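Student: Residue numbers (this note's numbering), protein chains in the order written: chain A, 1 to 175; chain B, 1 to 206.
Hints were generated in silico from the structure; no laboratory data involved. Keep in mind that a hint or two might mislead.
Here's a subset of chain B near chain A, in silico, CB distances under 7 Å, partners left out [to be verified]:
id, residue
1, 33
2, 53
3, 56
4, 68
5, 77
6, 103
7, 104
8, 119
9, 173
With beta-carbon atoms standing in for the labels, derived distance ranges [stated by the list, open to error]:
id, chain 1, residue 1, chain 2, residue 2, range
10, B, 104, A, 46, 21 to 29 Å
11, B, 46, A, 118, 42 to 50 Å
12, A, 49, B, 125, 56 to 64 Å
In this text the structure is predicted, and so the values were computed from the model without any measurement. Note that the Cβ used here is the ideal one computed from N, Cα and C, for glycine as well.
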Amino acid sequence: MKRRFEHLVDEHGGRLYQLARLLLGRDDEAEDVVQDSLVKLWRHLPGLRAGQELAWLMTCTRNACLDVLRGKNRKRALLWLVAGDQRAVAGDAGDEPAPEASLARDERVRALRSALAAMPEPGRSLLILRDIQELDVATVARTLELSENQVKVYTFRARRALRARLEEKQHEQVA
Amino acid sequence: MNKSPESREPENRDSDDRGRKGSERTDARFAADLASEASLERSRTRPDDPELAADWDLMQELRGLGPMRLPAAARARVVQVARSHRRAPWFLAAAAAMVAAFVIAVVWQAPGGRPAPAEVSGQALGELRLALNTIQDAGRRSLDMAARGMTGKLTVADLGLDTLPFADRVRPVLQPFFEPSRGGPNEPSPENHPQDIEFATEEKPR
Chain A
1 MKRRFEHLVD EHGGRLYQLA RLLLGRDDEA EDVVQDSLVK LWRHLPGLRA
51 GQELAWLMTC TRNACLDVLR GKNRKRALLW LVAGDQRAVA GDAGDEPAPE
101 ASLARDERVR ALRSALAAMP EPGRSLLILR DIQELDVATV ARTLELSENQ
151 VKVYTFRARR ALRARLEEKQ HEQVA
Chain B
1 MNKSPESREP ENRDSDDRGR KGSERTDARF AADLASEASL ERSRTRPDDP
51 ELAADWDLMQ ELRGLGPMRL PAAARARVVQ VARSHRRAPW FLAAAAAMVA
101 AFVIAVVWQA PGGRPAPAEV SGQALGELRL ALNTIQDAGR RSLDMAARGM
151 TGKLTVADLG LDTLPFADRV RPVLQPFFEP SRGGPNEPSP ENHPQDIEFA
201 TEEKPR
């Protein structure tokens, strides 16, 4: 069981952390939430069927994140998100080809994350799980308790809404 | 004033129509969005339709954001915490012992093997005795009535008791009714009712 658990931590830990990071906007809170979810996984692992773990973990992590968000001032969370993005992007800077391109990309990534953080649920989770993490429709449907067609349609609509937000922000900056 | 059902009917029909049209519009929009998403999922290249092309660009951009890795320190903490939550060996041993005891108990009580001996409770036996004695009393009363009706007309010999089974046991019961010297059958005394014909000889239940 220990081997199975460590395999699951290595396989899904990054996804969980990314989901929590994008939902909460803070590294420390994301780490705490993911740690709690994985410890819960350890306790429930004997009763979980193989192949069901990812949906279970995603549901657990998302619910924990939404609980944290409900108890927080959303405005303060957004401020932390912007500050946290700077640190996160700095950590990935080794992949960037040139400082100018990196700067432009950083701006775009920040704008994307900011717009994503302002999205309502379940659109935000759908975009994270379907577009960023590229999870299959069935797993996302199980995680969010939606039908597979609902997952597809709501993802499409959420993407359109995110596009509208980004375009609106661009227009504001130009003006 | 209350409106009559008729007066409400056209409104209901209108609202039903509106609801149906709205639902159809919603269904049509749902189907259109589903088809658009399906085409986005399928397409390997940028679609020609400008709206879908913009959606496709954003989808690719979002895909470029992931994936992330769980920080090594967080992973180490998780594994350490999980190890500290491992079940103690004594707990597993106790659980195994309980399961074993349960299995033994179930096997021990399982049906099969020797059949359990039939047991009749004291109450059931008492009820049976009461029933048999009741039959006996009723039979005796019937016999009394018949004997009263036939007194002086028949003799014991006329009854042909010898041809009946258990004649030796029936004869002493009937004999007093045909012997006027012992008080007659109209006043049967306890002596006139020897307990020869008995299905049960033990005492009646309380």
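Student: Please go over all the hints and tell whether each is borne out by the structure.
Tutor: Each hint, compared with the structure:
1. 33: This interface hint holds because 5 Å falls under the 7 Å limit.
2. 53: This interface hint is violated because 11 Å lies over the 7 Å limit.
3. 56: violated (10 Å)
4. 68: holds (4 Å)
5. 77: Holds, because the Cβ-Cβ distance from residue 77 (chain B) to chain A comes to roughly 6 Å (cut-off 7 Å).
6. 103: Since the shortest Cβ distance to chain A is 20 Å, the answer is violated.
7. 104: violated (25 Å)
8. 119: Because about 46 Å separates residue 119 (chain B) from the closest Cβ in chain A, which is outside the 7 Å limit, the hint is violated.
9. 173: violated (79 Å)
10. B:104 x A:46: 21 to 29 Å: holds (25 Å)
11. B:46 x A:118: 42 to 50 Å: violated (27 Å)
12. A:49 x B:125: 56 to 64 Å: holds (59 Å)
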